[in-house]
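Student: Could you slot chain B onto chain A? The hints should help.
Number of protein chains: 2
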Amino acid sequence: MGIIAAREGRCARPETASMSIPRVDGERLWSRLMAMAQIGATPKGGCNRQALTDGDLAGRELFARWARAAGCTVRVDAIGNLFAHRRGRAASSPAVLIGSHLDTQPTGGKFDGVYGVLGGLEVLETLNDRGLETERPLELAVWCNEEGCRFPAAMMGSAVWAGRMPLEAAYALTDRSGASVRGELERLGIDLKAPLERQPLAAALELHIEQGPVLEQRAKRIGIITGVQHMSRHEVTVLGQEAHAGPTPMEMRRDPIRVLADLLPRLYALTAAHGPQAKFTVGIIETFPGSPNTVPGRLRFTVDLRHPDLESYRALRAEAEREVAAALARHRLEGGIECVWQAPGVVFDAGCIAAVRDAAAALELDALEMVSGAGHDSVNVAAVAPTAMIFVPCAQGLSHNEAESASPADVENGANVLLNAVLKLANT
Amino acid sequence: MGIIAAREGRCARPETASMSIPRVDGERLWSRLMAMAQIGATPKGGCNRQALTDGDLAGRELFARWARAAGCTVRVDAIGNLFAHRRGRAASSPAVLIGSHLDTQPTGGKFDGVYGVLGGLEVLETLNDRGLETERPLELAVWCNEEGCRFPAAMMGSAVWAGRMPLEAAYALTDRSGASVRGELERLGIDLKAPLERQPLAAALELHIEQGPVLEQRAKRIGIITGVQHMSRHEVTVLGQEAHAGPTPMEMRRDPIRVLADLLPRLYALTAAHGPQAKFTVGIIETFPGSPNTVPGRLRFTVDLRHPDLESYRALRAEAEREVAAALARHRLEGGIECVWQAPGVVFDAGCIAAVRDAAAALELDALEMVSGAGHDSVNVAAVAPTAMIFVPCAQGLSHNEAESASPADVENGANVLLNAVLKLANT
Numbered sequence: 291m292g293i294i295a296a297r298e299g300r301c302a303r304p305e306t307a308s309m310s311i312p313r314v315d316g317e318r319l320w321s322r323l324m325a326m327a328q329i330g331a332t333p334k335g336g337c338n339r340q341a342l343t344d345g346d347l348a349g350r351e352l353f354a355r356w357a358r359a360a361g362c363t364v365r366v367d368a369i370g371n372l373f374a375h376r377r378g379r380a381a382s383s384p385a386v387l388i389g390s391h392l393d394t395q396p397t398g399g400k401f402d403g404v405y406g407v408l409g410g411l412e413v414l415e416t417l418n419d420r421g422l423e424t425e426r427p428l429e430l431a432v433w434c435n436e437e438g439c440r441f442p443a444a445m446m447g448s449a450v451w452a453g454r455m456p457l458e459a460a461y462a463l464t465d466r467s468g469a470s471v472r473g474e475l476e477r478l479g480i481d482l483k484a485p486l487e488r489q490p491l492a493a494a495l496e497l498h499i500e501q502g503p504v505l506e507q508r509a510k511r512i513g514i515i516t517g518v519q520h521m522s523r524h525e526v527t528v529l530g531q532e533a534h535a536g537p538t539p540m541e542m543r544r545d546p547i548r549v550l551a552d553l554l555p556r557l558y559a560l561t562a563a564h565g566p567q568a569k570f571t572v573g574i575i576e577t578f579p580g581s582p583n584t585v586p587g588r589l590r591f592t593v594d595l596r597h598p599d600l601e602s603y604r605a606l607r608a609e610a611e612r613e614v615a616a617a618l619a620r621h622r623l624e625g626g627i628e629c630v631w632q633a634p635g636v637v638f639d640a641g642c643i644a645a646v647r648d649a650a651a652a653l654e655l656d657a658l659e660m661v662s663g664a665g666h667d668s669v670n671v672a673a674v675a676p677t678a679m680i681f682v683p684c685a686q687g688l689s690h691n692e693a694e695s696a697s698p699a700d701v702e703n704g705a706n707v708l709l710n711a712v713l714k715l716a717n718t
Numbered sequence: 291m292g293i294i295a296a297r298e299g300r301c302a303r304p305e306t307a308s309m310s311i312p313r314v315d316g317e318r319l320w321s322r323l324m325a326m327a328q329i330g331a332t333p334k335g336g337c338n339r340q341a342l343t344d345g346d347l348a349g350r351e352l353f354a355r356w357a358r359a360a361g362c363t364v365r366v367d368a369i370g371n372l373f374a375h376r377r378g379r380a381a382s383s384p385a386v387l388i389g390s391h392l393d394t395q396p397t398g399g400k401f402d403g404v405y406g407v408l409g410g411l412e413v414l415e416t417l418n419d420r421g422l423e424t425e426r427p428l429e430l431a432v433w434c435n436e437e438g439c440r441f442p443a444a445m446m447g448s449a450v451w452a453g454r455m456p457l458e459a460a461y462a463l464t465d466r467s468g469a470s471v472r473g474e475l476e477r478l479g480i481d482l483k484a485p486l487e488r489q490p491l492a493a494a495l496e497l498h499i500e501q502g503p504v505l506e507q508r509a510k511r512i513g514i515i516t517g518v519q520h521m522s523r524h525e526v527t528v529l530g531q532e533a534h535a536g537p538t539p540m541e542m543r544r545d546p547i548r549v550l551a552d553l554l555p556r557l558y559a560l561t562a563a564h565g566p567q568a569k570f571t572v573g574i575i576e577t578f579p580g581s582p583n584t585v586p587g588r589l590r591f592t593v594d595l596r597h598p599d600l601e602s603y604r605a606l607r608a609e610a611e612r613e614v615a616a617a618l619a620r621h622r623l624e625g626g627i628e629c630v631w632q633a634p635g636v637v638f639d640a641g642c643i644a645a646v647r648d649a650a651a652a653l654e655l656d657a658l659e660m661v662s663g664a665g666h667d668s669v670n671v672a673a674v675a676p677t678a679m680i681f682v683p684c685a686q687g688l689s690h691n692e693a694e695s696a697s698p699a700d701v702e703n704g705a706n707v708l709l710n711a712v713l714k715l716a717n718t
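Top to bottom, those sequences are chains A and B. The working numbering applies: residue 291 is where the first sequence begins, and numbers increase by one. The working numbering applies: residue 291 is where the second sequence begins, and numbers increase by one.
Just chain A, with the same shape it has in the complex (with noise of 0.2 Å):
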């Protein structure tokens, strides 16, 4: 309401005068993004649309259908990337891309990802609306199975476009079922020969939540992204010997969960040691066969390890391993850690950051430059092309949780920064 009035004050043509600093309709955003959660909403307000389930599939035709009813071209890769394309006034010139993902945690939020694919999609409606043309075409990308928590491998769809992963390697991942990515695609109809070339780009963008508490702290509108962190995910497994829990002495038991006492404080200490940007999460434990009354068989963990500091990460990965092959050693049991994805960490794109931060400015948004904890697509599509993201808050820094959320007005805000800062970038 603030903006029309402003407009309506300023002159008799708004239309006109309001181009210097286009807008985008927020209610419009809002409105979407409350329908798309819908698709797989949870009871506690969150969604559940992993990675080429049928909810993630129902999402993705939704936002086909937005995508068609707002001219774009929409085709389908062969590793299930969706990707509607605007056409430019010089048709054939490198494309700016901006794009996110659709797919969520098991108990994910509304934004996550959601808020890059639908304000990139408001950016589309929004030219729309002003008749506005862009000199290189746009490309709206959906990129699949980003969260990974189905099928080992975050980012999966953006790692295969930009010719990071194998396509292969892609397809044969499988979740805790058994499913494959490969049967998956098949079921919900993808076409595994479509084609899977990397159209030209001369710049990326990706708008997101934040998923951390940094800009609710420090009370500032937009997070201006210059790189991501080093991250890496890794499974412990421990072996031990199956026994049952009332006549086995402790001292004749080989017991992994032994192990896992000994390594768990020193994993804390040592992350604590890197500082307070160091991060390490356990986010899955499992003991097989999983009887209230047998020593396990077989312990099995997650570790996740972080840090935007390459020195720090490369140390803290090492004394990470140390400790587990010590640990093993000393309980005298089989086992080991596995390195089963990483991603480097990565520096953004000098030009891209520029235009992020000349549109913040341009519409007065409180600004802070900062580093992703979290991973994202643009990792992968930094690889081949000039990339940047953007942020905006989310409340308590909650995220990968039913209870995330951003308000209205910082949606807003972060769709009007990615509209002005892909102008700028489409029209040189």
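To be clear, the hints were calculated from the coordinates, so they are not data collected in a lab. A portion of the hints provided could be inaccurate.
Which copy is meant is left open, so a pair is good if it fits within one copy or across any two.
Taking lysine to any residue and the SDA-like style, the derived pairs with C-alpha atoms no more than 20 Å apart in a straight line are [to be verified]:
1) K334 - P676
2) K334 - R588
3) K483 - L560
4) K334 - R544
5) K714 - S321
Tutor: For chain B alone, kept in the frame of chain A given last:
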């Protein structure tokens, strides 16, 4: 072969002579153990016939066919306990009960429980072969859900039969998929309106593998079981807050794994402080939602505590409960420890113990008087009838393990002790 040779050497009428110390047919018993192990056989040579699964039903049906062929009448009560009855000369006098269970752990062995049932059947077959009647009736029991791994109440069927667990509480138990005991009994065609009456008993004996290493280590052939240690199962729950593993600083997390890291070393240490007979087992650890890059919102793990000495058991349990509460308080997280099942220790009946002792002595088997580390249906039976148990060694003390094994000679020895102890108890 040695027995036959001795028989033939001593007497022209071996049947009459050998009746002074009757012996079972070890080969028949062994072949039936192996036949039963085909049902639910696992690739590694163990068995998976968890309670009230199709495999469990198939095992019970095979047993019922054998029992009927041996002249028994078979009935099933309202909680799924199966009884095979052999008449005595004094048909209405209190019976001698023999029994154990046919259900197994998910990766269980061929002997745990099964040996007690088929050893009992072998006693009946031997009496038939020799045309022997007993004064008292014999009652061969197959108790329902002894393991308590699928439905979380070990020794369920015998507890309901003994009046120690309400029938409706047992019916209401559910497995991890949400299936209930009531629903599974109905699905398997077990009549919930069948009588649940407890037959009058003069004595009860249960034959079992040791499930521990003591007999093997001491080179003893028979364990004369004088009682069962105190034991209980607990569930610890820790509530945290789901958060993204990347951007959430460590000090802002509400991470339930911190409590696990803090608790596990303390629980192992306090167990050790209660001496070598104290036992602490964590069989199941689960994290929710269970995603490698999400700080868990909830952690659940099981704690099994045992000690043969009542005072030590009570102290161990109280200290473990205090440690859980203290760790939750230190980390300012909600949660708690709940006792989900307990079985007080038992001192067995002097008369039944004497019958086992005398039988082992008559058979010239080197025996050890000992307390059972594992719970057994006899714990419940002992509440309503004079009871004792007989153990035989199992290789490396391994049980609740697909590699569980016992030698044919030990299996035959144990059944011979059971036969002679039963004859004594059923004829006096």
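Student: Could you run down the list of hints and mark each one as holding or not?
Tutor: Evaluation of the provided hints:
no.: 1; hint: K334 - P676; in the structure: neither (39 Å within a copy, 54 Å between copies)
no.: 2; hint: K334 - R588; in the structure: between (34 Å within a copy, 15 Å between copies)
no.: 3; hint: K483 - L560; in the structure: neither (47 Å within a copy, 61 Å between copies)
no.: 4; hint: K334 - R544; in the structure: between (41 Å within a copy, 19 Å between copies)
no.: 5; hint: K714 - S321; in the structure: neither (27 Å within a copy, 83 Å between copies)
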